[in-house]
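Engineer: Below are the chains, spelled out letter by letter.
Protein chains: 2
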Amino acid sequence: MSGAPIEFYFEFNSPYGYIAACKLGDLAAKHGREVDWKPILLRALFEVTGGRPLAQLPLRGDYMMHDFARSAAYHGIAYRQPDVYPFPPVAAARAVYWAKDQDPAKAGELGLALYHACSRDNVDIATPEGVAGIAANVGLDKDALLAALETDAVKNRLAREIEAALKKGVFGSPFIIVDGEGFWGADRLGMIDKRMQTGGW
Amino acid sequence: MSGAPIEFYFEFNSPYGYIAACKLGDLAAKHGREVDWKPILLRALFEVTGGRPLAQLPLRGDYMMHDFARSAAYHGIAYRQPDVYPFPPVAAARAVYWAKDQDPAKAGELGLALYHACSRDNVDIATPEGVAGIAANVGLDKDALLAALETDAVKNRLAREIEAALKKGVFGSPFIIVDGEGFWGADRLGMIDKRMQTGGW
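Which chain is which? The protein sequence lines are A and B, in order. Throughout, the numbering used here is defined as the position within the first sequence, counted from one, plus 17. Throughout, the numbering used here is defined as the position within the second sequence, counted from one, plus 17.
Keep in mind that the hints were calculated from the coordinates and are not lab data. Warning: the hint list may mix true and false statements.
Given that identical chains are not distinguished, each listed pair holds provided it fits within a single copy or across any two copies.
As a list, the in silico DSSO-like pairs of lysine-lysine whose alpha-carbon atoms are at most 27 Å apart [stated by the list, open to error]:
#1 Lys-40 - Lys-211
#2 Lys-184 - Lys-159
#3 Lys-47 - Lys-123
#4 Lys-40 - Lys-185
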């Protein structure tokens, strides 16, 4: 079986997005699919949807902070919240779209490397320099990326992608679209698997 | 293995709660546990937590309405949104606590029968009469229930249960507590299963 790429929307600050990031490659490969990495900024989505950062809500916030680590453990993933959390995820998000234009295959590699850095290795990816260091590790041109992150073209690209995501109904992270069906949350990988296998539920 | 009852918090308007209600009995029995049915009112929780009905939020609302039916189908459950939705779930919630005082085993039987009525059979459980009809079906005294629903004791009981739920960190439906660990959402039945099996993740 094969089909259109799986659209993977996420914010780098989202630990549930990290769980999906770690699992989605194998799930896609099982069904002969690619993953299209699409970082977004939750703050920008929340301006439109009236959503709020879960971690800042009463009761819900305490639950989430406790749930991040146990959910990762349940999925067999090593998770370590970075010392600075939440951090500005803008540079990392822009870098993934820039990488996609250099070489689509590199976008996923960079996305996963950035996510490992901030969600497992306590490496700072809040700054262009931090992001560029990770990019160099996966064979991308560090200086070219640092220059690109200053350009309007790269800044506007992220803004356009977020606008397009909203039009597709994306309101959280992770949000995964398969053949037009959207799924919110790392809990939905089983449903996504079944959808690709049977086309239904 | 056996242990303390599984605390099952839910609101009758919550389709995800219905999925949990249909599955939790078998899951509990597998681990030699009982289910303690604890209906709550989301509106009362949201006053404290700042939460909002998901179905009323932009984008998220459309997603949820679509997701209810496919999630039920994924879990092999027949779901039919009642013609009047959302409906006042107060009488149904009070009835479950009243039943618990008559006979603890009847509380779960009534809870599941009420949930089937409103989430599968399009039967109105918004009124005391509707609720009492279902109660009679499971062998409870219809007239005694109708009289009880008018009493302050029964009204205060639900209010106290909601207050106690908030103190335990309950902020949504379904919310399931096993050995002090809280789980939000019907998606977490797999984690709950593993927790009861291994005591960890």
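Engineer: Next step is simple, just say for each hint if it's right about the structure.
Structural biologist: Now the hints, each set against the structure:
| no. | hint | in the structure |
| --- | --- | --- |
| 1 | Lys-40 - Lys-211 | both (15 Å within a copy, 19 Å between copies) |
| 2 | Lys-184 - Lys-159 | neither (33 Å within a copy, 51 Å between copies) |
| 3 | Lys-47 - Lys-123 | within (20 Å within a copy, 46 Å between copies) |
| 4 | Lys-40 - Lys-185 | within (23 Å within a copy, 32 Å between copies) |
Of the hints listed earlier, the one the structure fails to meet is number 2.
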